[in-house]
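Generate coordinates for the entire structure from the input sequences, incorporating the hints supplied.
Number of protein chains: 2
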Amino acid sequence: MSEQRVIRVGLVQMAMDPDAQVNRDRAVALVAEAAGQGAQVICLPELFTTPYFPVVRDAKSPGETIPGPTSRLLAETARKHGVVLVGGSIYERDGDRFYNTALIFDDRGELVGKYRKIHIPQDECFFEKDYFTPGDLGYLVTKTRFGSIGVLICYDQWYPEAARMNALLGANMVFYPTAIGTVAHLGEKEGPWQEAWENVQRGHAIANGMVVAAANRVGIEGDTTFWGGSFICDAFGQTKIRAGAEEGVIVQDVDLDHGEVVREGWGFLRNRRPDSYNQITE
Amino acid sequence: MSEQRVIRVGLVQMAMDPDAQVNRDRAVALVAEAAGQGAQVICLPELFTTPYFPVVRDAKSPGETIPGPTSRLLAETARKHGVVLVGGSIYERDGDRFYNTALIFDDRGELVGKYRKIHIPQDECFFEKDYFTPGDLGYLVTKTRFGSIGVLICYDQWYPEAARMNALLGANMVFYPTAIGTVAHLGEKEGPWQEAWENVQRGHAIANGMVVAAANRVGIEGDTTFWGGSFICDAFGQTKIRAGAEEGVIVQDVDLDHGEVVREGWGFLRNRRPDSYNQITE
Chain A
1 MSEQRVIRVG LVQMAMDPDA QVNRDRAVAL VAEAAGQGAQ VICLPELFTT
51 PYFPVVRDAK SPGETIPGPT SRLLAETARK HGVVLVGGSI YERDGDRFYN
101 TALIFDDRGE LVGKYRKIHI PQDECFFEKD YFTPGDLGYL VTKTRFGSIG
151 VLICYDQWYP EAARMNALLG ANMVFYPTAI GTVAHLGEKE GPWQEAWENV
201 QRGHAIANGM VVAAANRVGI EGDTTFWGGS FICDAFGQTK IRAGAEEGVI
251 VQDVDLDHGE VVREGWGFLR NRRPDSYNQI TE
Chain B
1001 MSEQRVIRVG LVQMAMDPDA QVNRDRAVAL VAEAAGQGAQ VICLPELFTT
1051 PYFPVVRDAK SPGETIPGPT SRLLAETARK HGVVLVGGSI YERDGDRFYN
1101 TALIFDDRGE LVGKYRKIHI PQDECFFEKD YFTPGDLGYL VTKTRFGSIG
1151 VLICYDQWYP EAARMNALLG ANMVFYPTAI GTVAHLGEKE GPWQEAWENV
1201 QRGHAIANGM VVAAANRVGI EGDTTFWGGS FICDAFGQTK IRAGAEEGVI
1251 VQDVDLDHGE VVREGWGFLR NRRPDSYNQI TE
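Taken in sequence, the protein lines are chains A and B. Counting along the first sequence from 1, when you hit position 59 you're at 59 in my numbering, and nothing is skipped either side. Counting along the second sequence from 1, when you hit position 225 you're at 1225 in my numbering, and nothing is skipped either side.
Mixed in with the good hints, there may be bad ones.
Unchecked claim - Calculated pairs, EDC-like style, for lysine to aspartate or glutamate (alpha carbon to alpha carbon, straight line, at most 20 Å):
#	chain 1	residue 1	chain 2	residue 2
1	B	K1189	A	D257
2	A	K240	B	E1198
3	A	K189	B	D1253
4	B	K1060	B	E1221
5	B	K1143	B	D1275
6	A	K114	A	E64
7	B	K1240	A	E188
8	B	K1129	B	E1064
9	A	K129	B	D1275
10	A	K114	B	E1195
11	B	K1189	A	D253
12	A	K189	B	E1221
13	A	K240	A	E260
14	A	K240	B	E1195
15	A	K129	A	D58
16	A	K80	A	D107
17	B	K1129	A	D255
18	A	K240	B	E1188
19	B	K1143	B	D1107
20	B	K1240	B	D1255
21	B	K1189	A	E64
22	A	K189	B	E1264
23	A	K129	A	D94
24	B	K1080	B	E1033
25	B	K1189	A	E260
26	A	K189	B	E1260
27	A	K189	B	D1275
28	A	K129	B	E1264
29	A	K240	A	D257
30	B	K1080	B	D1107
Said to hold, decoys possible - Sample of chain A residues at the chain B side, in silico, Cβ under 8 Å:
#	residue
31	W158
32	L168
33	G237
34	Q238
35	G265
Keep in mind the hints are simulated off the structure, nothing from the lab. Glycine residues also receive a C-beta, built at the ideal position from the N, C-alpha and C atoms.
Following this line, the structure appears as structure tokens:
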């Protein structure tokens, strides 16, 4: 493992086409663009090969196997650029079960981790329980040349437990492939969604002394506007870079030693009281 | 229990004198001021009867018993104004053990809850393990006329588990009596402390659909500047009011139904996956 401590992180923010191959080609081009800007760990959005089909209850999507066309392409792309690639997520078909699955490839193009989304929402325009079996592989943190990388998917990002599990497994960066947007006919009666979305994740960064990065989609699909706003915050929850609402890439250097300073200085992990948390696992 | 859903919350932000009676008198006057502005639930800062003595390792403080002069005065103050009073915290002496303890009084002046700080830091200028036995009473949520109220103390505020435990116990508001400041000779090498402090708590509000309110101290004590910045955020993490760095009170109406909208709309509690959180209690 390299001793490198300053890592350049890249996020791909993209709009999705009905044609999976168009999306795959665009993803590959945007990964190349981020790599061209020096990114060493690059993350794609959730379900980046398709429109966000769980907006309705009866979408037909065949899913794809792993290995399959997307996983092979991602492996090749990671190898070609020598980057760690958090391959967004794909709609995985495994026998008669379907999952929302993120794959991590190392800089040689090896598949080094697979995470199946654990928290599955079921709400108007986000009918994910109709499509995704809840993840059954546990949480995933992968040691790479460029740091110990955790991956969670979209709705997981509202769960402090998921972030904490990643920290306990040793993550110093957590990536969230995401597909979140506002739905015109639903409104935002609770308050501004995007601000809460970013803020709760910044809280995870602070509480765990981890870099947090979320790669969202953009574009209008039916009544939903995916807001983009992909961001990277440091291990004390400071947002260092945030994308707008356009397709493209953002890159940001993060310093893993900064995370150590936060963890050592504040002692959040060493001063935990697991004996007092019983109801959290009940 | 009243059906009242819009509750006026008041926070007391104050500087502490070496003389406990001066502090008690000031606290009572500020509670009266908040009550005069219509506050129904009022919170005092952490250790509000004394300077922040854990700044050094060998402070002499006798602590006080419960009941004792402070608890009796708080009970009388709550009764007099007909308010629920989260009585900051006091340095509790119980036999040969000492705790950092928050007391909750209902609007009739009855002591209805007692919480002993669970997460205890031990850092340069915050040597709390030298003084406080870790809390042994678990988390506390109290049903009152003005909502189900949780209380946590200062360093607890960095722990998502503590906030979640309060939510699981039914809190719709959580109060954090606090004593936090910056120490000139330590600096803020991780990034801006006050922003991270507020932000991590806003994250708890969002993740749990709870109002969060923190009452901090102000003033310069030795090398430490307590920054005030007491704030109240709604159940979607929007900061509704924030104090400056002066002594005084802030009041804010909060709508408990808004918390229900957040919880129902986003489903964070019903979609939890406790089966996947095992390491959190290990």
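Structure-based check of each hint:
| no. | hint | in the structure |
| --- | --- | --- |
| 1 | B:K1189 to A:D257 | holds, 12 Å |
| 2 | A:K240 to B:E1198 | holds, 18 Å |
| 3 | A:K189 to B:D1253 | holds, 17 Å |
| 4 | B:K1060 to B:E1221 | holds, 16 Å |
| 5 | B:K1143 to B:D1275 | violated, 29 Å |
| 6 | A:K114 to A:E64 | holds, 14 Å |
| 7 | B:K1240 to A:E188 | holds, 17 Å |
| 8 | B:K1129 to B:E1064 | holds, 18 Å |
| 9 | A:K129 to B:D1275 | holds, 17 Å |
| 10 | A:K114 to B:E1195 | violated, 35 Å |
| 11 | B:K1189 to A:D253 | holds, 17 Å |
| 12 | A:K189 to B:E1221 | violated, 43 Å |
| 13 | A:K240 to A:E260 | holds, 18 Å |
| 14 | A:K240 to B:E1195 | holds, 14 Å |
| 15 | A:K129 to A:D58 | holds, 12 Å |
| 16 | A:K80 to A:D107 | holds, 8 Å |
| 17 | B:K1129 to A:D255 | violated, 31 Å |
| 18 | A:K240 to B:E1188 | holds, 17 Å |
| 19 | B:K1143 to B:D1107 | holds, 12 Å |
| 20 | B:K1240 to B:D1255 | holds, 12 Å |
| 21 | B:K1189 to A:E64 | violated, 47 Å |
| 22 | A:K189 to B:E1264 | holds, 12 Å |
| 23 | A:K129 to A:D94 | holds, 16 Å |
| 24 | B:K1080 to B:E1033 | holds, 13 Å |
| 25 | B:K1189 to A:E260 | holds, 12 Å |
| 26 | A:K189 to B:E1260 | holds, 12 Å |
| 27 | A:K189 to B:D1275 | violated, 32 Å |
| 28 | A:K129 to B:E1264 | holds, 16 Å |
| 29 | A:K240 to A:D257 | holds, 16 Å |
| 30 | B:K1080 to B:D1107 | holds, 8 Å |
| 31 | W158 | holds, 5 Å |
| 32 | L168 | holds, 5 Å |
| 33 | G237 | holds, 5 Å |
| 34 | Q238 | holds, 5 Å |
| 35 | G265 | holds, 6 Å |
Violated hints, in rising order: 5, 10, 12, 17, 21, 27; the structure is consistent with all others.
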